[in-house]
Amino acid sequence: KQEVTQIPAALSVPEGENLVLNCSFTDSAIYNLQWFRQDPGKGLTSLLLIQSSQREQTSGRLNASLDKSSGRSTLYIAASQPGDSATYLCAVDEGAGSYQLTFGKGTKLSVIP
Amino acid sequence: NAGVTQTPKFQVLKTGQSMTLQCAQDMNHNSMYWYRQDPGMGLRLIYYSASEGTTDKGEVPNGYNVSRLNKREFSLRLESAAPSQTSVYFCASTTPPRGGSTGELFFGEGSRLTVL
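Residue numbers (my numbering), protein chains in the order written: chain E, 701 to 813; chain U, 3 to 118.
Quick caveat, the hints were computed from the structure, so don't treat them as lab data. Errors might be hidden in some of the hints.
[As the list claims (entries may be wrong)] Pairwise CB distance ranges (calculated):
{"id": "1", "chain 1": "U", "residue 1": "G5", "chain 2": "E", "residue 2": "S759", "range": "16 to 22 Å"}
{"id": "2", "chain 1": "E", "residue 1": "T705", "chain 2": "U", "residue 2": "T116", "range": "28 to 34 Å"}
{"id": "3", "chain 1": "E", "residue 1": "A778", "chain 2": "U", "residue 2": "T56", "range": "40 to 46 Å"}
{"id": "4", "chain 1": "E", "residue 1": "A709", "chain 2": "U", "residue 2": "G55", "range": "21 to 27 Å"}
[Said to hold, decoys possible] 20 Å max Cα-Cα, derived EDC-like pairs, lysine to aspartate or glutamate:
{"id": "5", "chain 1": "E", "residue 1": "K742", "chain 2": "U", "residue 2": "E106"}
{"id": "6", "chain 1": "U", "residue 1": "K59", "chain 2": "U", "residue 2": "E81"}
{"id": "7", "chain 1": "E", "residue 1": "K808", "chain 2": "U", "residue 2": "D40"}
{"id": "8", "chain 1": "E", "residue 1": "K768", "chain 2": "E", "residue 2": "D727"}
{"id": "9", "chain 1": "E", "residue 1": "K742", "chain 2": "U", "residue 2": "D28"}
{"id": "10", "chain 1": "E", "residue 1": "K742", "chain 2": "U", "residue 2": "D40"}
{"id": "11", "chain 1": "E", "residue 1": "K805", "chain 2": "U", "residue 2": "E106"}
{"id": "12", "chain 1": "U", "residue 1": "K11", "chain 2": "U", "residue 2": "E111"}
{"id": "13", "chain 1": "U", "residue 1": "K11", "chain 2": "U", "residue 2": "D40"}
{"id": "14", "chain 1": "U", "residue 1": "K73", "chain 2": "U", "residue 2": "D58"}
{"id": "15", "chain 1": "E", "residue 1": "K808", "chain 2": "E", "residue 2": "E717"}
{"id": "16", "chain 1": "E", "residue 1": "K805", "chain 2": "U", "residue 2": "D40"}
{"id": "17", "chain 1": "E", "residue 1": "K701", "chain 2": "U", "residue 2": "D58"}
{"id": "18", "chain 1": "E", "residue 1": "K768", "chain 2": "E", "residue 2": "E703"}
{"id": "19", "chain 1": "E", "residue 1": "K768", "chain 2": "E", "residue 2": "E756"}
{"id": "20", "chain 1": "E", "residue 1": "K805", "chain 2": "E", "residue 2": "D727"}
{"id": "21", "chain 1": "U", "residue 1": "K11", "chain 2": "U", "residue 2": "E75"}
{"id": "22", "chain 1": "U", "residue 1": "K73", "chain 2": "U", "residue 2": "D28"}
{"id": "23", "chain 1": "E", "residue 1": "K701", "chain 2": "U", "residue 2": "E61"}
{"id": "24", "chain 1": "U", "residue 1": "K73", "chain 2": "U", "residue 2": "E106"}
{"id": "25", "chain 1": "U", "residue 1": "K11", "chain 2": "E", "residue 2": "D739"}
{"id": "26", "chain 1": "E", "residue 1": "K808", "chain 2": "U", "residue 2": "D58"}
{"id": "27", "chain 1": "U", "residue 1": "K11", "chain 2": "U", "residue 2": "E81"}
{"id": "28", "chain 1": "E", "residue 1": "K805", "chain 2": "U", "residue 2": "E61"}
{"id": "29", "chain 1": "E", "residue 1": "K701", "chain 2": "E", "residue 2": "D727"}
{"id": "30", "chain 1": "U", "residue 1": "K59", "chain 2": "U", "residue 2": "E75"}
{"id": "31", "chain 1": "E", "residue 1": "K805", "chain 2": "U", "residue 2": "E111"}
{"id": "32", "chain 1": "E", "residue 1": "K805", "chain 2": "E", "residue 2": "E703"}
{"id": "33", "chain 1": "E", "residue 1": "K805", "chain 2": "E", "residue 2": "D784"}
{"id": "34", "chain 1": "U", "residue 1": "K16", "chain 2": "U", "residue 2": "E81"}
{"id": "35", "chain 1": "U", "residue 1": "K59", "chain 2": "U", "residue 2": "D40"}
{"id": "36", "chain 1": "E", "residue 1": "K808", "chain 2": "E", "residue 2": "D727"}
{"id": "37", "chain 1": "E", "residue 1": "K742", "chain 2": "U", "residue 2": "E111"}
As the structure is a computational prediction, the values presented were derived from the model and not from experiment. Using N, Cα and C, we set each Cβ at its ideal position, and we do this for glycine too.
Just chain E, same shape as in the assembly (with noise of 0.2 Å):
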């Protein structure tokens, strides 16, 4: 069964750093990866889908990577702000159909003024 861990569960940086957020899976047999930002009280909102053909994908200040053979993705955050203050998760698609995708249990950043 397909598990998706992240660490740390929270990270407090100041304001401007440049940051990681990782993602591990353990079955690498994936068709996708997705990166989601979820603000407390809300839903989930899609920040970037990364195909199992692919190396990364890039959205503003965001750039996300896939390493697919060692079961690893990371989420990098440039010049953060305190706006980008939000639970991430992350979620592997195992595809053939299965309709399902796999979350991990997300990271809590705080970005201090």
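Start from chain E and add chain U according to the hints.
Frame of chain E, contents of chain U only:
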């Protein structure tokens, strides 16, 4: 630009009561999902509907039933609520690309259910 709309946002039930959570999407998506989110457990799939007219069990279906009323609407019913069903429930939708993957998921804002 509504996206995925869930009702109600908050609900308190007594053990044994029944209720239905409603979900509607206006993005013409084919697939819809119900997840629950619990502290320390992450998101877990309850049921999903790959397309209109079909429903399938996810990881934690016991105690729940679903109805895909039409392409827009997917409801989740608790027939006899239990305290273990206290959770935040999220509906999501997508149109999966060809090839068998789920695709980019769009989530509602959640329904917070407490069972006493």
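Hints, one by one, checked against the model:
no.	hint	in the structure
1	U:G5 with E:S759: 16 to 22 Å	holds, 19 Å
2	E:T705 with U:T116: 28 to 34 Å	holds, 29 Å
3	E:A778 with U:T56: 40 to 46 Å	holds, 42 Å
4	E:A709 with U:G55: 21 to 27 Å	violated, 40 Å
5	E:K742 with U:E106	holds, 18 Å
6	U:K59 with U:E81	holds, 16 Å
7	E:K808 with U:D40	holds, 15 Å
8	E:K768 with E:D727	holds, 9 Å
9	E:K742 with U:D28	holds, 19 Å
10	E:K742 with U:D40	holds, 14 Å
11	E:K805 with U:E106	holds, 19 Å
12	U:K11 with U:E111	holds, 8 Å
13	U:K11 with U:D40	holds, 16 Å
14	U:K73 with U:D58	holds, 15 Å
15	E:K808 with E:E717	holds, 16 Å
16	E:K805 with U:D40	holds, 10 Å
17	E:K701 with U:D58	holds, 19 Å
18	E:K768 with E:E703	holds, 14 Å
19	E:K768 with E:E756	holds, 11 Å
20	E:K805 with E:D727	holds, 17 Å
21	U:K11 with U:E75	holds, 16 Å
22	U:K73 with U:D28	holds, 9 Å
23	E:K701 with U:E61	holds, 11 Å
24	U:K73 with U:E106	holds, 18 Å
25	U:K11 with E:D739	holds, 16 Å
26	E:K808 with U:D58	violated, 32 Å
27	U:K11 with U:E81	holds, 19 Å
28	E:K805 with U:E61	holds, 16 Å
29	E:K701 with E:D727	holds, 8 Å
30	U:K59 with U:E75	holds, 17 Å
31	E:K805 with U:E111	holds, 18 Å
32	E:K805 with E:E703	holds, 10 Å
33	E:K805 with E:D784	holds, 18 Å
34	U:K16 with U:E81	holds, 12 Å
35	U:K59 with U:D40	holds, 19 Å
36	E:K808 with E:D727	violated, 24 Å
37	E:K742 with U:E111	holds, 5 Å
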